[in-house]
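Knowing the structure of chain C, use the given hints to seat chain S on it.
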Amino acid sequence: MTPLAPHEKIFVDSEFAEDENHGTMGCEECHGGDPNEPDWQKAHIDVVKDPSYPDPSFTCGLCHDDITEHYQTSLHYSLAPFKKVIDKRASDDKAVYTAVNDAREAHCTSCHSSCGQCHVSRPDAVDGGLLESHLFQRRPPMQTVCTACHGSRVEKEYLGKNEGIPADVHKKKYFKCTKCHSAYEMHGDGNEYANRYEVQNAPTCISCHEEIYTDAAENAEQHRQHKDRLSCQVCHSMPYKNCTSCHFGTDKQGYKFFKTQASTMAFKIGFNPLQSERRPEKFVTLRHVPVDQDSFKFYVENGLSNFDRVPTWKMATPHNIQRKTPQNESCNACHGNEKLFLREQDVEPKYAAANQTVVVPADQIPGKVSE
Amino acid sequence: MKAVRFAVVGGLIVSVCILFLAGTPPILSAQQENHCFSCHTNPRKLIQITREIARANQDKPGASIQTEGEG
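Going down the list, the sequences are from chains C and S. Be aware that the first sequence starts at 1, since it is given in the working numbering, and climbs by one per residue. Be aware that the second sequence starts at 372, since it is given in the working numbering, and climbs by one per residue.
Excised from the complex, chain C in its bound form:
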């Protein structure tokens, strides 16, 4: 993503005044401040940089109330799964939990989005700056909004930036994020989901590849045999990035920082930790996420004393899909191939207890077949 010069971040295209919907309002109607004050410092007293966060009801919501009605349940706004997972791992001691919760809000929740931080500016988490000089963007641009935040994993996978691994097959068809991830998914639907895989409007492969289990499909027999046993990514994903550990705090000057260990590329199949009617598969691809028993140590000792309640290898839907992958070259490229599965020896000893439910024992690895 090309960085913006400081003045470019706040430059407004005069064409904005011709936007018949948004240009008819005075700047101060959304942002506050004093438009009659010639001194810029005085004019900016009480200015609100992002009037759509935390509550867009009296700005965007005045016209787009059908969308802002459910904004609190948009995972991009609420980051609710972060809280749910951290709460599960957090200490039962009230004082310790409060310290963990405050730190979570200061660090983890600062990467939220809002109406404005998708449709008007780059997200604050990547230093902001207006998109197209304040001209509202109906579809958020992929590389200055979506992958500005989802850069370490999704962007590198999807665009083929991980060494030796090609771009996702959907990228080669020129798909942008919004082709699969609809506005309905992004804006929330009023339901509070525990994780993004539960979201009813989230994309599914089958919604485009609807013939995959019928006789009309190529490899129909293979697809039918594995239906509901494996996620699509188990056969069609390439190796993807895994991150380890995350420690965070504030430095002497009061700036927030985080430290994660070096990322590693791997492909691991494990037991589905989120098996449900919507995700019935036994085996899914798992990604190691950056968390550690001591993640909150800067703020409180033993903050995540129930760390082992949630696996650190998490269900993943890597965005580097290929029709042909090393593991689907033949039946026995996967069957009996222990290296592809998450085994006990793949898990750091300090995370072993947390991952008991997703590690695949030798006798559960599908055996070789006669081809």
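Source of the hints: derived by calculation from the structure; they are not laboratory data. Cβ atoms here follow ideal geometry from the backbone N, Cα and C, with glycine treated the same way.
Listed below are the simulated DSBU-like cross-link pairs for lysine-lysine, each with C-alpha atoms no more than 35 Å apart in a straight line:
(1) S/K416 - C/K9
(2) C/K42 - S/K431
(3) C/K256 - C/K84
(4) C/K297 - S/K431
(5) C/K256 - S/K431
(6) C/K172 - C/K9
(7) C/K256 - S/K416
From chain C, some residues computed to sit far from chain S (all C-beta separations above 12 Å):
(8) G61
(9) Q72
(10) K83
(11) L159
(12) A194
(13) S207
(14) Y299
(15) N302
(16) H335
(17) R343
Chain S in isolation, oriented as in the chain C frame:
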């Protein structure tokens, strides 16, 4: 006849007013002496002000240098 001529002239005046006034409010609302708009659409002014701000904050790093790894 006088009444007809009066009606035609009156109608013309009203039409011209509608034609011009209907198109202007959106442009006017932002282009009136509105210092937000006049400053934020002027790159020269913005460069000058952002340089002023940068000079005032030159001792502040802007973000922690302790951050390591991918987020």
